[in-house]
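Work out the full structure: start from the sequences and follow the hints.
Residue numbers (my numbering): 8 to 223.
Where hints are given, some of them may not hold.
[What the hints assert, rightly or not] Here are the simulated distance ranges between beta carbons:
#1 Ala43 / Ala181: 37 to 47 Å
#2 Thr149 / Ala77: 23 to 33 Å
#3 Asp73 / Ala195: 19 to 29 Å
#4 Ala87 / Ala195: 37 to 47 Å
#5 Gly86 / Asp197: 17 to 27 Å
#6 Ala80 / Leu118: 16 to 26 Å
#7 Val210 / Gly45: 31 to 41 Å
#8 Ala77 / Arg147: 23 to 33 Å
#9 Ala87 / Asp134: 11 to 21 Å
#10 Arg147 / Pro98: 32 to 42 Å
Since the hints were derived computationally from the structure, they do not count as laboratory data. C-beta: ideal position from N, C-alpha, C; glycine also.
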Amino acid sequence: MTDSTSDAPASAVAGLVLAAGGGTRYGSPKAVVRGADGISWLLHAVQTLAASGCSPVLVVLGAAADEAEALVAGALVAGALTTPVILVRAPDWAEGLSASLRAGLNAAGRLADSTRAIAVIPVDVPDLDLATVARVLNERETALTPDTLRQAVFGGRPGHPVLIGRAHWAPLAAGLTGDRGARPYLVAHDAQPVECADLSSGVDVDTPAPPVPRAR
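In structure tokens form, the structure reads like this:
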């Protein structure tokens, strides 16, 4: 695990960006993709979690890890990131989403006990915004505890972020297999849905946008 940080203090909620995949359908690792606006998906994800108050932000890397690490390091040096960032390598990233999430949760387990929950997002939801993350983190009906389990939904469709209380980290990590991620665990443990369709689409981008036809 590589620890690249600023001196900002940790909060009760850490952030976790899953960015280890090879992006087979997309055509390149999403950790190094930039949108049409030139903004790095990875840096956008980290900055969004940081702006919501998550600290530190863990980033799980696999495919193109060296390039992605350099991107984050450059942002830290330039001052574009001021929240502590912990870079985690998932050596078995090719096994699927479960390997990335497991690596992130295991790394989170080494954080201070004052970290009660972690907000998890994938790198490939470029329209995820601060308002969406803040709604899930600050949902008022239930207090934030180590048993917290919340998930953003978009018109009832499950999405991200997912807020996972510390008590769930070890059992969730132990049961992860293949490319299914946390969904079976969230269903089995009645994760609290937080509707966010009025804020963003929550759509993950699996393929590049088709080229715009030239006018004739």
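**OP:** Could you tell me whether the CB distance from Asp73 to Ala195 stays inside 19 to 29 Å?
**Re:** For Asp73 and Ala195 the Cβ distance comes to about 37 Å; the hint is violated.
Original post:
Does 31 to 41 Å hold as the CB distance between Val210 and Gly45, or does it fail?
Top reply: 20 Å, violated
**OP:** For Thr149 and Ala77, compare the CB-CB distance with the range 23 to 33 Å and indicate the outcome.
**Re:** 40 Å, violated
**OP:** State, for the Cβ atoms of Ala43 and Ala181, whether the hinted interval 37 to 47 Å holds or is violated.
**Re:** 40 Å, holds
Original post:
Quick one: are Arg147 and Pro98 within 32 to 42 Å, going by C-beta?
Top reply: 40 Å, holds
Original post:
In this structure, is the beta-carbon distance linking Ala77 and Arg147 contained in 23 to 33 Å?
Top reply: 40 Å Cβ-Cβ, so the 23 to 33 Å window is violated.
Original post:
Should the hint that Ala87 and Ala195 are 37 to 47 Å apart at their CB atoms be regarded as holding?
Top reply: 39 Å, holds
Subject >> Verdict for Ala80, Leu118 (Cβ pair) under range 16 to 26 Å >> reply: 21 Å, holds
**OP:** Mind checking the hinted window 17 to 27 Å against the Cβ distance between Gly86 and Asp197?
**Re:** 42 Å, violated
Original post:
CB of Ala87 to CB of Asp134, is that within 11 to 21 Å?
Top reply: Since Ala87 and Asp134 have Cβ atoms about 20 Å apart, the given range 11 to 21 Å holds.
In this structure, the earlier hints numbered 2, 3, 5, 7, 8 are contradicted, and the remaining ones agree with it.
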